[in-house]
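Order-wise, the sequence lines are chains A, B, C and D.
Taken in order, the first sequence gives residues 1 to 126; the numbers are from my numbering.
Taken in order, the second sequence gives residues 1 to 126; the numbers are from my numbering.
Taken in order, the third sequence gives residues 1 to 126; the numbers are from my numbering.
Taken in order, the fourth sequence gives residues 1 to 126; the numbers are from my numbering.
Fair warning: there could be bad hints in the mix.
[Claimed, not checked] Listed next, with one range per pair, are the computed distances between beta-carbon atoms:
hint	chain 1	residue 1	chain 2	residue 2	range
1	D	Ala125	C	Glu43	46 to 52 Å
2	B	Ala19	D	Pro4	45 to 51 Å
3	C	Arg42	D	Ala67	31 to 37 Å
4	D	Ser53	A	Glu3	28 to 34 Å
5	C	Pro66	B	Ala19	16 to 22 Å
6	C	Arg64	D	Ser53	45 to 51 Å
[Stated by the list, open to error] If you want the footprint, here are the derived chain B segments under chain A, 3+ residues with CB under 8 Å:
hint	segment
7	35-47
8	51-61
In case anyone wonders, no lab produced these hints; they're calculated from the structure.
We put the CB at the ideal spot given by N, CA and C, even for glycine.
Protein chains: 4
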Amino acid sequence: MREPLGRRRWAIAEGYIPAWSHGPEPDFTSHETACILNAGEREANVELTIFFSDREPAGPYRVRVPARRTLHLRFNDLSDPEPIPRGRDFASVIESDVPIVVQHTRLDSRQAENALLSTIAFAGAE
Amino acid sequence: MREPLGRRRWAIAEGYIPAWSHGPEPDFTSHETACILNAGEREANVELTIFFSDREPAGPYRVRVPARRTLHLRFNDLSDPEPIPRGRDFASVIESDVPIVVQHTRLDSRQAENALLSTIAFAGAE
Amino acid sequence: MREPLGRRRWAIAEGYIPAWSHGPEPDFTSHETACILNAGEREANVELTIFFSDREPAGPYRVRVPARRTLHLRFNDLSDPEPIPRGRDFASVIESDVPIVVQHTRLDSRQAENALLSTIAFAGAE
Amino acid sequence: MREPLGRRRWAIAEGYIPAWSHGPEPDFTSHETACILNAGEREANVELTIFFSDREPAGPYRVRVPARRTLHLRFNDLSDPEPIPRGRDFASVIESDVPIVVQHTRLDSRQAENALLSTIAFAGAE
Numbered sequence: 001m002r003e004p005l006g007r008r009r010w011a012i013a014e015g016y017i018p019a020w021s022h023g024p025e026p027d028f029t030s031h032e033t034a035c036i037l038n039a040g041e042r043e044a045n046v047e048l049t050i051f052f053s054d055r056e057p058a059g060p061y062r063v064r065v066p067a068r069r070t071l072h073l074r075f076n077d078l079s080d081p082e083p084i085p086r087g088r089d090f091a092s093v094i095e096s097d098v099p100i101v102v103q104h105t106r107l108d109s110r111q112a113e114n115a116l117l118s119t120i121a122f123a124g125a126e
Numbered sequence: 001m002r003e004p005l006g007r008r009r010w011a012i013a014e015g016y017i018p019a020w021s022h023g024p025e026p027d028f029t030s031h032e033t034a035c036i037l038n039a040g041e042r043e044a045n046v047e048l049t050i051f052f053s054d055r056e057p058a059g060p061y062r063v064r065v066p067a068r069r070t071l072h073l074r075f076n077d078l079s080d081p082e083p084i085p086r087g088r089d090f091a092s093v094i095e096s097d098v099p100i101v102v103q104h105t106r107l108d109s110r111q112a113e114n115a116l117l118s119t120i121a122f123a124g125a126e
Numbered sequence: 001m002r003e004p005l006g007r008r009r010w011a012i013a014e015g016y017i018p019a020w021s022h023g024p025e026p027d028f029t030s031h032e033t034a035c036i037l038n039a040g041e042r043e044a045n046v047e048l049t050i051f052f053s054d055r056e057p058a059g060p061y062r063v064r065v066p067a068r069r070t071l072h073l074r075f076n077d078l079s080d081p082e083p084i085p086r087g088r089d090f091a092s093v094i095e096s097d098v099p100i101v102v103q104h105t106r107l108d109s110r111q112a113e114n115a116l117l118s119t120i121a122f123a124g125a126e
Numbered sequence: 001m002r003e004p005l006g007r008r009r010w011a012i013a014e015g016y017i018p019a020w021s022h023g024p025e026p027d028f029t030s031h032e033t034a035c036i037l038n039a040g041e042r043e044a045n046v047e048l049t050i051f052f053s054d055r056e057p058a059g060p061y062r063v064r065v066p067a068r069r070t071l072h073l074r075f076n077d078l079s080d081p082e083p084i085p086r087g088r089d090f091a092s093v094i095e096s097d098v099p100i101v102v103q104h105t106r107l108d109s110r111q112a113e114n115a116l117l118s119t120i121a122f123a124g125a126e
C-alpha cells in the first residue's frame with residue numbers, strides 16, 4: 001500500500017475576508033477558502049488556529065474531513081468559538097491527525113468584476 | 001544523464017468548474033486546467049482521481065503525455081468514466097509512472113471580465 | 001513540544017508596485033504584500049533585502065513580528081533605508097531569526113476592476 | 001558564509017501568451033513572465049527550454065542574470081533561436097549553473113480589465 005498523500009501541518013500566511021460583496025449570492029459572496037483534500041482511507045480531524053496582527057490567536061476551530069473526500073472550507077462560515085472578523089488581516093495554521101493537502105483561494109467581489117487568487121499552502125515537515 | 005525533473009504523485013485540493021461562461025468560445029469558456037509537463041524521455045501514463053465533498057471519488061481518468069511534451073488538460077473535457085459536474089467543489093490526485101510537473105490554472109469568465117488563478121500543485125514525496 | 005512551523009529564509013522573485021491606483025483608498029491602493037506568519041513562541045526579527053535588475057540591492061529593511069502574530073507587510077510602506085521605487089521590477093529575500101511562513105500577494109488596481117495574485121514564497125532549506 | 005538561496009533546476013508547467021492585448025503599451029501588453037532572482041555572488045548562466053503539446057521542444061534560450069540581480073523575463077521577448085508562438089500552450093524548464101529562484105506571472109489583458117496569476121515555479125531537487 002502506498003504512503004498517504006499530504007502532510008499533517010499547513011500554514012496560510014495570507015488571510016482577509018472583504019467586508020462587502022457584489023453579484024448574486026452565494027456564488028459571488030467574497031470569500032476566503034481553505035480547500036482541504038483527504039485522499040486517504042481514514043477520517044481527518046482538523047484543527048484551525050487563526051492568527052492576527054494585534055491580538056492572541058482564535059481557535060481552535062474543528063472540522064472533520066471524511067476519508068476520500070474534499071472540504072472547501074470558507075473562513076466566512078467559521079463561528080465556533082468565534083466568527084472571523086471582516087476587513088482584517090489574518091493568517092492560519094491547519095493541523096490534522098492524518099495527511100491532508102491544503103490550498104488557499106480567495107474570490108474578491110468588492111468591485112463589479114470578481115478577482116481570484118490561489119496558492120498551495122505551506123506544508124510543514126511532518 | 002541527469003535525473004528526470006518532477007514527481008510521480010501530485011494533488012490539487014481546489015477544483016470548481018463554473019456553470020456558465022461569458023465571452024468568445026472556446027478561449028473564454030470558463031475552465032479548470034491541470035497543466036502537465038513531461039520533460040523526460042519516456043511517455044507518461046497518467047491517472048487522475050477526482051474527489052468530492054459528498055460522494056465516492058470518480059475515476060481513474062487516463063491520459064498519456066508523450067516524452068518531451070506538455071498537456072494542458074481541461075477538467076471540462078474529461079468524460080470517461082463520467083463527466084465532472086459543473087458548479088460543484090472537487091479536488092484531484094494525479095499519478096504518473098514517470099516524473100511529471102503539475103500546475104493548476106482556472107479561467108473564470110462568469111462575469112464580464114475574466115479572472116485567473118494559478119498555483120503549482122502539491123508534489124508528493126515520490 | 002512540536003517543532004516551530006516555517007523556515008528562516010524565504011525569497012519572492014516577483015515584485016512590482018504599480019505606479020497608480022483606482023478605487024477608494026486605502027483598500028484599493030495598488031499594493032505588493034509579503035504576508036508573514038510567526039506561529040511560534042518567540043518574536044521574529046526579520047530582515048528584507050530588495051533586489052533590482054540594474055543596481056545593487058537595497059536594505060536591509062527591519063521589521064519585527066511578535067510571537068503568535070501575523071504581519072501583512074506592504075512593500076509600499078517600506079521607507080528606511082529608502083523607499084521602493086514604483087513601476088520597477090524587483091525581488092526580495094526575507095530572513096528571520098526564528099521560523100516564519102511567507103506568502104506574496106498583489107492587488108493591482110490600475111484599471112477599473114482590481115486584479116489579484118498570490119503565491120507561497122520560495123522556502124530556503126533552513 | 002551561508003548557502004546560496006535557490007535551486008538550479010525549475011519548471012513551469014503552464015504557459016500561454018495571449019494573442020492580443022487591451023490597454024496602454026507596454027504595461028498592459030498581455031505577457032507571460034519568468035521572474036528570476038539571483039541572490040548569490042556569482043553570475044547565473046540560465047538556459048530555458050520550451051515544451052509544446054505537438055512538436056519537439058524549442059531552445060535552449062540563453063540569458064544571464066548578474067550576481068545580486070533579478071531578471072523579469074518576458075517569454076514574449078524570446079526570439080533566439082525562435083519566437084514563442086502566440087495563442088498556444090507551452091511549458092518551460094529553466095536551468096542555471098548557480099542557485100536561483102523562479103516565479104511565474106501572467107498579465108492577461110485580452111478583455112477590458114486585466115487579470116493576473118502568479119505561482120512559485122516547481123523547484124528540482126538540485
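Now for the hints, and whether the structure bears them out:
1. Evaluation of the 46 to 52 Å hint for Ala125 of chain D and Glu43 of chain C yields a failure: the beta carbon distance comes to about 34 Å.
2. For the hinted restraint 45 to 51 Å between Ala19 of chain B and Pro4 of chain D, the CB-CB distance of approximately 48 Å keeps it satisfied.
3. Range check, Arg42 of chain C to Ala67 of chain D: Cβ separation about 33 Å, and the 31 to 37 Å hint holds.
4. Ser53 of chain D and Glu3 of chain A have their C-beta atoms about 32 Å apart, which keeps the hinted 28 to 34 Å range intact.
5. The hinted window of 16 to 22 Å between Pro66 of chain C and Ala19 of chain B is violated, with their beta carbons roughly 44 Å apart.
6. As the Cβ distance of Arg64 of chain C to Ser53 of chain D is approximately 49 Å, the hint placing it in 45 to 51 Å holds.
7. With 0 residues bearing a CB less than 8 Å from a CB of chain A, the segment 35-47 of chain B misses the requirement of three and the coverage assertion fails.
8. Given as covered by chain A, the segment 51-61 of chain B passes the check, having 6 residues with a CB less than 8 Å from a CB of that chain where 3 are the minimum.
When each numbered hint is compared with the structure, violations occur for hints 1, 5 and 7.
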